[in-house]
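J.: Following the hints, complete the assembly by docking chains B and C onto the known chain A.
Here is what each chain is made of, one letter per residue.
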Amino acid sequence: MKKRISLNMMIVFTLMLLLVGCGQGNANSGNSAAPSTSPAETTEAASNKENKSEQPIEIKFMHVFGGTQGEAIQKMVDRYNASQSKVIVKAEQTQGFYDGLLEKLQTLAVSKQLPEVAIGSYANGEFMSTRMPIRPIHTFIDKEGYSTEDYTAQMLKLGQDAEGKQQSLPFLVSTPLIYVNLDHFKNAGIPVVEQPESWEQVRGWAKQLAAAAPGRGGVYFQLDFDTWMFQTLLETKGGSYASVKDKTIQFNDSKGKEVLRYWLDMMQQDKSIPSMNGTQAAEAFQSGNLSMLVATTGNLANLSKNSSFKLGIMLLPTWEGEQTPLRLPAGGAGLYVFQGSEEKEAAAWDFVKFATSPESSSQLAQMMGYMTVRDSARDKLMADYLKENPMAAATYKQAQHIVPWFNWPGDAGTRATRTLLNHIQGAFSGDMTGDEALDKAAAEIKKILGW
Amino acid sequence: MRRIPWQPYLYLSPVLVLYAIFFVFPFFFSLYISFMEWDLLLDKKQFIGLSNYKEVLGNPLFWKVIGNTIQYMALTVPISAALGLVYAVAIERAGKLRSLYRVLFFVPVVVSVAVAGLVFSLMFSPQNGVINEWLALFGVSAKAWLQDTQLAMYALAIVGVWMSFGYNVVLYITGLKQLDNEVKEAAAIDGASGWQSFRHMTFPMLMPVHMFVWTITLLHSLQVFATVQIMTQGGPNNSTNVWAFFIWQEAFQFFNTGVASAAATILFVIVLGLTVIQVRWMQKRTQWV
Amino acid sequence: MRLRNNLLLNVFLLLSVLVVLVPFIWMLTVSSSPSSDPFQRIALLIPTSFSFEGYLQVFQQAPIARWFMNSVLLTSVLTAGQLLLGVLAAYAFARYRFRGRETLFFFVLCTMMIPPQAIMLPVYLVINSFDWVNSYKGVIIPHIASAYVIFVLRQFFMAIPRDLEEASTIDGCHSVQTLYHIYLRASVPTLFGVGLIQFVNNWNDYYWPFLILSDEMKMTLPVAIVQFRNDSYIEWVPTMAAATLSVLPVIGIYVLAQRYFTESSLQSGIK
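Chains as they are written, first to last, in the numbering used here: chain A, 1 to 451; chain B, 1 to 289; chain C, 1 to 271.
If we strip away everything but chain A, and leave its shape as in the complex, we get (with noise of 0.2 Å):
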């Protein structure tokens, strides 16, 4: 408050100054200085003063999901608004997916506007819990004695900080998927198998899908708007992306610059990477002119509409000759309760606790193709469809590998990940080798982190 009074007075100062400048102190011209303003906004503010006991709460949850994901979103909204008439929640989807919507929470914390719930991507978890005014879950589990036994035991820990609080509960989840067309694999005479022995073995197949037909794409690694992928590769080679305890940028060891390379080699030696971005990688695989996808469970839905061919899903291979596991980074989200009064945190929880319920969770994860984050939904309420499902239920084959997103510490975190891509990209568009890329990104990310 204070500051904004101080701040009211510096522009009544300058005002002052301009007038006084101009020669003529006089005072009318303050008077005509409040334009129009419009009917709509009067009306809202006086609204604003809402009838605590007998109308709804109305609460406001933001989310990043458009077409079919966002239509999945609403009906969930829908139902939980017939459910109860103490509450009446209103879903928004912001632009520009995860770090869109990081970027407009911070806007809206700024003018103390932010929704009473939002999902937050599992890669923000530092941010949100360090950085925004949110309402740590555990304190509405622990005044309740909310039970959390049938979450999914490794999607509750993507919500949890270092210290093993629940800061969010599990929304969706997804894993990487390698999307295929199983009609370009029949005309190649590819086998079609569950997963492939090695990422070497899927750049074989990209080559030759690639050269099968003029103007396609072999494989395609979603990986514009976030880093996910590369970190899936990296670990899964056994190398490492940073050490937030010791400060240290591991991305660019040796391990990182084979990814690199790897895709690099795809892209320039063999021409099976196509150069687009990822909704332009969507499309053409889409109207066939990909033969392979790799990118989130949660496109599932979206791919499987329209399609006018084959659809067939593959795990994710290893690296021939690395000894490590697999290990999947989860994607998607989970969902964060901001402070507000109490009334209105009440009513958060009440919604998070129904999106979240095995009925709901069910129902987003077979309407979008996330992963459920219950155990019941899993065995039971699902159970029917993930038999009649296969594609659907193959993700849930390596849910063992599923490990945390990395998060980079602090309020830099968009940034470091940006800066990444950005290099990336550079290396993508042949103005630095892949080793550079990453050699440089490390640096200015350790400028950025103050490492």
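Simulated from the structure, these hints should not be mistaken for laboratory data. Glycine included, C-beta positions come from ideal geometry on N, C-alpha and C. Among the hints, erroneous ones may be present.
Quick list of in silico lysine to any residue cross-link-like pairs, SDA-like style, CA-CA up to 25 Å [claimed, not checked]: (1) B:96 x C:5; (2) A:447 x B:43; (3) A:447 x B:96; (4) A:75 x C:80; (5) B:177 x B:202; (6) B:45 x A:450; (7) A:353 x A:58; (8) B:143 x A:323; (9) A:112 x B:36; (10) B:45 x A:449; (11) A:397 x A:450; (12) B:64 x B:45; (13) B:177 x C:215.
Label-pair restraints from in silico Cβ distances [what the hints assert, rightly or not]: (14) B:46 x C:84: 42 to 48 Å; (15) A:432 x C:80: 51 to 57 Å; (16) A:436 x C:80: 32 to 38 Å; (17) A:383 x B:44: 50 to 56 Å; (18) A:193 x C:49: 33 to 39 Å; (19) B:154 x A:288: 43 to 49 Å; (20) A:133 x C:73: 44 to 50 Å; (21) B:43 x A:320: 52 to 58 Å.
Which chain B residues face chain C? A few, computed with CB under 7 Å, are given here [as the list claims (entries may be wrong)]: (22) 8; (23) 102; (24) 132; (25) 244; (26) 273; (27) 275; (28) 276; (29) 277.
T.: Just chains B and C, lined up with the frame of chain A:
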């Protein structure tokens, strides 16, 4: 002693008050922020002197951004101005369909930059984009326009020219109309050919229009933001990161208020300097012509 | 010879117009394609099959009618405000001699020259301190003083001959009457033209509403249609349908009143 009239100040007061709040004050406020380390989220601030300026000037990205902005201007302004002149001359000679052409060339100017950005990002798509398909007719292989650090800026410049040159056409037509009779008479006396009279008479006589066209187009291209935000987000690898986007990114994406303000101040000074030089130059030139 | 030249010129111009209009044709084509295969087409631009499902989808999935009304409301209020303040300021600049006139006018022109992004952060913080973020006030008020309107109207007012004022003395109560009876009546077409141009400009505003309006239900059309795309998977058909709908009013105004847009006196008055 003449009485100073008070009415003009009264009439001007709403505008002046608004400019004071939303123009003068923000400028000084920005200057103030640029000396601070201000964490907006936790609302903590601290005076840090020139550190933000050092950080901006020492950041290679800042210089890249300036270079990109200049590159964008160098690509769009001359082409947009030249197309404006060429089409204005062509339309003026086209006969019956003249007004139809004038109307149609102007259409892109009234379309919102948001729509232009969306449509062009689809058109530039490497897979389904119509631009690659047309180029393929001439044997050019498919290009990932917006994902290639070498090409993305050209793609943005194409959109910039598309959006702006229709306006220049109209400006030049206006100028040509005013000159028309004078030039024709003079040319008749000299017996000069069409091209000669254009080169020696029309073109130099259009000097005030040239100045106006260049100034306006320059200003517009300096301010390019929405197409970048919608089509490339400054990427790939910052190859289309221009200064307006850079400031926005620092301020609203990375929440680096101090650095954003320092960068804004530096550029504010540069632009102000350029404006003064340009106005001076214009005054000199118009005296000579 | 001359006839052939003329024909060639017209062919060249027609082809150019076609190229210039390709984005529109493309937008219409995609928006009226079936969702299942938006890029199926013959002759590169003409779709093989038409469908209005994209438009239906827009109305089903998005509050597009609401966005449309938001745009209409916001644009109208802003334009009316710009005209009102513009008339007053232009009248002062055109009719009176007073201390600081040149300086103030130069200052007004400066606001047109300085890129708005240079001060977007502090203006945002000012708006925030007034609690106007995410409100129409925050979008409208910072832009209600338009240098362009002031500039054009001043040019026009200066051209109105002084002797029209005749006996009217420079005196408080008559000053407003002079403005109304002489200046405003003479400039109705100009005001209309400037108003239309500003309406279209304000309708198309992107960066400021984008910064200020975060609530989906308050967004204007141009901002909202960009939000309409989904990042992991853009549904091009409804996106292009929404884009088409957002362009229609502007194109409508332009076609009906195109002479104002291409009229010289309104193009910042180069004389």
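J.: For every hint, state whether the structure bears it out.
T.: Hint by hint, here is what the structure shows:
Distance hint between residue 96 of chain B and residue 5 of chain C is fulfilled; the C-alpha atoms sit about 14 Å from each other, no more than 25 Å. For the hint linking residue 447 of chain A to residue 43 of chain B, the alpha-carbon distance of about 24 Å falls within 25 Å, and the restraint holds. The suggested pairing of residue 447 of chain A with residue 96 of chain B is violated, with an alpha-carbon distance near 65 Å, which exceeds 25 Å. Between the alpha carbons of residue 75 of chain A and residue 80 of chain C the distance comes to roughly 41 Å, so the proposed pair goes past 25 Å and is violated.
This hinted pair checks out: residue 177 of chain B and residue 202 of chain B have alpha carbons roughly 11 Å apart, not beyond 25 Å. Proximity of residue 45 of chain B to residue 450 of chain A is assessed by CA-CA distance (about 19 Å); at most 25 Å being required, the pair is judged to hold. Only pairs whose Cα atoms come within 25 Å are accepted, and residue 353 of chain A paired with residue 58 of chain A is accepted, the gap being roughly 16 Å. With a C-alpha separation of about 39 Å, the suggested pair residue 143 of chain B and residue 323 of chain A falls outside the 25 Å cut-off, and the hint is violated.
Using a Cα cut-off of 25 Å, the hinted pair residue 112 of chain A and residue 36 of chain B holds, with the two alpha carbons roughly 22 Å apart. A C-alpha spacing of about 19 Å is found between residue 45 of chain B and residue 449 of chain A, which places the hinted pair at or below 25 Å, so the restraint holds. A distance of roughly 40 Å separates the Cα atoms of residue 397 of chain A and residue 450 of chain A; the hinted pair therefore is violated under the 25 Å criterion. For the hint pairing residue 64 of chain B with residue 45 of chain B, the CA-to-CA distance comes to about 29 Å; that exceeds 25 Å, so the pair is violated.
For a cut-off of 25 Å, the pair hint linking residue 177 of chain B to residue 215 of chain C is broken: about 48 Å separates their Cα positions. Range check, residue 46 of chain B to residue 84 of chain C: Cβ separation about 44 Å, and the 42 to 48 Å hint holds. Between residue 432 of chain A and residue 80 of chain C the Cβ separation comes to about 54 Å, which falls inside the hinted range of 51 to 57 Å. Separation of residue 436 of chain A from residue 80 of chain C is about 57 Å and departs from the stated range, judged on CB atoms against 32 to 38 Å.
Under the hint 50 to 56 Å, the C-beta atoms of residue 383 of chain A and residue 44 of chain B, about 52 Å apart, fit the expected range. The hinted window of 33 to 39 Å between residue 193 of chain A and residue 49 of chain C holds, with their beta carbons roughly 38 Å apart. In this structure the hint that residue 154 of chain B and residue 288 of chain A lie 43 to 49 Å apart at CB is violated, the actual value being about 29 Å. Our hint of 44 to 50 Å for residue 133 of chain A and residue 73 of chain C is violated, since their Cβ atoms are close to 33 Å apart.
Checked against the hint of 52 to 58 Å, the pair residue 43 of chain B and residue 320 of chain A passes, with Cβ atoms roughly 53 Å apart. Taking 7 Å as the C-beta contact cut-off toward chain C, the hint placing residue 8 of chain B at the interface holds, the least distance being around 4 Å. Annotation: interface hint on residue 102 of chain B holds; nearest CB of chain C at approximately 6 Å, less than 7 Å. The beta carbon of residue 132 of chain B is not positioned within 7 Å of any beta carbon in chain C (closest approach about 11 Å), and the interface hint is therefore violated.
Restraint check, residue 244 of chain B versus chain C: the minimum CB separation of about 4 Å is within 7 Å; hint holds. Because the closest C-beta pair between residue 273 of chain B and chain C is about 12 Å apart, greater than 7 Å, the hint is violated. Restraint check, residue 275 of chain B versus chain C: the minimum CB separation of about 5 Å is within 7 Å; hint holds. The criterion of a C-beta within 7 Å of any C-beta in chain C is not met by residue 276 of chain B, whose closest approach is roughly 10 Å, and the hint is violated.
Nearest Cβ of chain C to the Cβ of residue 277 of chain B: about 12 Å, over the 7 Å cut. The hint is violated.
When each numbered hint is compared with the structure, violations occur for hints 3, 4, 8, 11, 12, 13, 16, 19, 20, 24, 26, 28, 29.
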